[in-house]
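Model the placement of chain U on the given structure of chain A, informed by the hints.
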Amino acid sequence: MSLCGPTTALNKLNQHSQVDRSLHQDAQRSFTPQSQSFKSNNVENHQLNLEFQNQQQFQKSFNPIFANAFGKAPVQQQHPVQQQPKASWANDFNMMNHQQHQPHHQSHQYTTNQGWNTEFQSFQTHQQQSAIATPRSFTNLTQLSGLNMTQASIPTTYQSHRLTEHQELHQQDLLNKELESEFMKLEQEFQNASINEHQIPKKVEQQQSQSQQAPIFKRSNSDFANAAMQVVNAMSSQKSSKFQNSKFLSLMNLVSKGEVELNDDETKLIDQEGNEINENEQNKPHLPDPLAGIENGELHTPFQSAKLAGENFGEKYTWDDVYDDYRNDDDAF
Amino acid sequence: MLSFRTKGYNGYGVKYSPFYDNKLAVATSSNYGLVGNGRLYILSINPDGQIVNDVFFDTQDGLFDLAWSEVHENHVATANGDGSIKIFDIGVSQFPILQLKEHRREVFSINWNMNDKSTFVSSSWDGTIKLWTPSRKQSLATFNAVKPHAQNNCVYQTVFSPHNPSMLVSANANSHIQVWDTRSPNPNILDFIGHGGAETLTCDWNKYRPTVIATAGVDKNIKIWDLRMIDGTADFQSPHQNKLGPAPLNQLIGHDFAIRRVVWSPHDGGDLLSCSYDMTSRVWKDQADPRTRGVLNNRFQKNSTSKIFGMHKEFVIGGDYSLWGDPGWVATTGWDEMVYIYDSKRL
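Order-wise, the sequence lines are chains A and U. Every letter in the first sequence is one number past the one before it in my numbering, and letter 167, counting from 1, is 167. Every letter in the second sequence is one number past the one before it in my numbering, and letter 89, counting from 1, is 422.
Please note: incorrect hints may appear among the correct ones.
Not close to chain U: a few residues of chain A, all C-beta gaps over 10 Å, as computed [unchecked claim]:
1) Leu179
2) Met184
3) Glu189
4) Asp223
5) Val232
6) Lys242
7) Asn245
8) Phe248
9) Thr267
10) Gln272
11) Gly274
12) Thr301
13) Trp319
Ranges between beta-carbon positions, derived for each pair [as the list claims (entries may be wrong)]:
14) A:Glu276 with U:Gln432: 21 to 29 Å
15) U:Ala474 with A:Leu48: 46 to 54 Å
16) U:Pro543 with A:Gln244: 39 to 47 Å
17) U:Pro543 with A:Gln304: 56 to 64 Å
18) A:Asn176 with U:Trp657: 51 to 59 Å
The set of hints was computed from the structure by calculation and includes no laboratory data. Beta carbons: idealized from backbone N, C-alpha and C, even for Gly.
The shape of chain A in the complex, shown without the other chains (with noise of 0.2 Å):
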């Protein structure tokens, strides 16, 4: 396409309907309500239709490898041709020239700012990031009940499509082959392309490492609530009193029931109100203290600290007593 020469907005239209999309018609047309007759269906398929819309959209812009890997394209290139108002050939030109560079702006992400390693292993990351992001937290908890680990951390929605270590050997290689291709594509474009790096906004090299800084793990209070709740249904069948009085046994509960979640940055456990958990813990005694109530300089001796703590219990402390623990001291357990 030559970039010089008036071009209107009229030719372009020309150019675009004479595309073949026969296949691409047809695969809308199977998409096209066909059970009409079915009110209730009508909402479903209106949806899926959007949906689809969209998906045909984002692919026209961008192959769906790269839409993966970089979760949304850019906003601009979903910018539909034959969107732009009635311009003037040089709003024409400036429109194309600008559709020329898009490539240019991307592929220097991909190429320029990191090497194609990175970005595969990017992409790779992405792919696999529901089943990498595991939070310490699920992790953790995982291990005590005896279950697999990946019943608890992988989202169940992952885990219906997990697959045999050979497909997903096999599938690797397809992706491999295919992002190889498609780089040597937009390397073939990026040479051709006649801009300078100067002219790219620093604002994509920044968003670009904004993202990298983001944090690729992110934990959610539903899924963290799930992992507590498969802890506590696997510690429920022991009775004892060690496993009823345990507090992580009983925070857990709480977390399972929505009434403890993580925060918002994940650095504390916070209560419904919003109050850190572990305060509360820490500002309450251990064990109620036995000399609670008796004024400072009232005691002299240790022995008459026992006696008066276990008369506060309701207990006599004798010397025998104190002879017997003394003498069973190394037994207690």
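Chain U in isolation, oriented as in the chain A frame:
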């Protein structure tokens, strides 16, 4: 029995100093290690039996394990939840003297080399094992214990052999037990599934028998392996591979929940300490006859005895044998914020 409370912090690891007979270090995390800070306690046992806290170091993220340096009596390395390894000098307050950051996820174990005392090893939930020396900020080597993007790729523990400065054993979340030779171009020299698909959480190398290791995990069993008896070529596609996997020398059965730590005694090749989520720690006597093949064909015979320590009120996560004095003294720590030191012979 002696005790110390790590108030507000749940214990993850405890280790005796290799230099002082009365010093211990305890790695702890707040909120059971789920979120929040960590704290490293350095404890001393006074002659009157009191345990006192000499110094503590707060960290931004939870601490999951620690290792005393074998070359410097004041240095302790910690495995941190933020993926870093910090080395503290107990004479230098507040801040670490060295921070090493390469792991991409939580570092879950750290172990100092007892032979070549200049190196230590760390393992992480990012699926890697890294070899370090304190004189370098970069790791000496990285071993990928599992496929980089496998779903379940935590390496829970890696331990140096006390007999060979370049041999490591690692316990992986995917149930694999791996033996590494750090000198080899293909360092993974042995790889087998030890716990029937359940996560292997811990491993240790026997201090007296160079080819014997113990592993334990989510299947509640402690298994003792003789590495010479394992055809560990990591080729699991092979049709000749025994479906049951290799047979252990002995199996120690008794814990009610997953086992978080096994430690062989430094005084007796048959004594083993285990710490479990069933809120007990046990001291085992491995009585398998070394001349038989142990639990051959899965016909398990009772070849062990155990003694139970049940004072902990929450999960018992870390433990260590004392190197010093009368054999059999043990320290354990757990999520009940307690450190107990007791004589395992008197259980």
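Subject >> Reported absence of Thr267 of chain A from the contact zone with chain U (all CB gaps over 10 Å) >> reply: Violated, because the least Cβ-Cβ distance between Thr267 of chain A and chain U comes to about 6 Å, which does not exceed 10 Å.
Subject >> Check on Trp319 of chain A being off the interface with chain U, judged by Cβ distance over 10 Å >> reply: For Trp319 of chain A, whose nearest Cβ neighbour in chain U is about 22 Å away, the distance exceeds 10 Å, so it holds.
Subject >> Exclusion check [Phe248 of chain A not at the chain U interface, CB over 10 Å] >> reply: 5 Å, violated
Original post:
Does the no-contact call for Thr301 of chain A survive, Cβ to all of chain U over 10 Å?
Top reply: It holds; Thr301 of chain A is separated from chain U by about 19 Å at its closest Cβ, greater than 10 Å.
**OP:** Can you let me know if the beta-carbon spacing of Ala474 of chain U and Leu48 of chain A is within 46 to 54 Å?
**Re:** 52 Å, holds
Original post:
Holds or violated: is the Cβ of Gly274 of chain A farther than 10 Å from all Cβ atoms of chain U?
Top reply: Its Cβ never comes within 10 Å of chain U, the nearest being 15 Å, so this holds.
Original post:
Should the label of Asp223 of chain A as a non-interface residue stand, given a Cβ cut-off of 10 Å to chain U?
Top reply: Holds, because the least Cβ-Cβ distance between Asp223 of chain A and chain U comes to about 13 Å, which exceeds 10 Å.
**OP:** Find the nearest Cβ of chain U to the Cβ of Asn245 of chain A and say whether that gap is larger than 10 Å.
**Re:** 7 Å, violated
**OP:** Beyond 10 Å from every chain U Cβ: check whether that's true for Met184 of chain A.
**Re:** About 23 Å separates Met184 of chain A from the closest Cβ of chain U, which puts it past 10 Å; holds.
Subject >> Non-interface claim for Glu189 of chain A, where every Cβ of chain U lies beyond 10 Å >> reply: About 29 Å separates Glu189 of chain A from the closest Cβ of chain U, which puts it past 10 Å; holds.
Subject >> Given as non-interface: Leu179 of chain A, partner chain U, CB spacing beyond 10 Å >> reply: At about 14 Å from chain U, Leu179 of chain A clears the 10 Å cut-off, so the statement holds.
**OP:** Evaluate the given range 21 to 29 Å for the C-beta pair formed by Glu276 of chain A and Gln432 of chain U.
**Re:** 27 Å, holds
Checked against the numbered hints given earlier, this structure breaks hints 6, 7, 8, 9; the rest are met.
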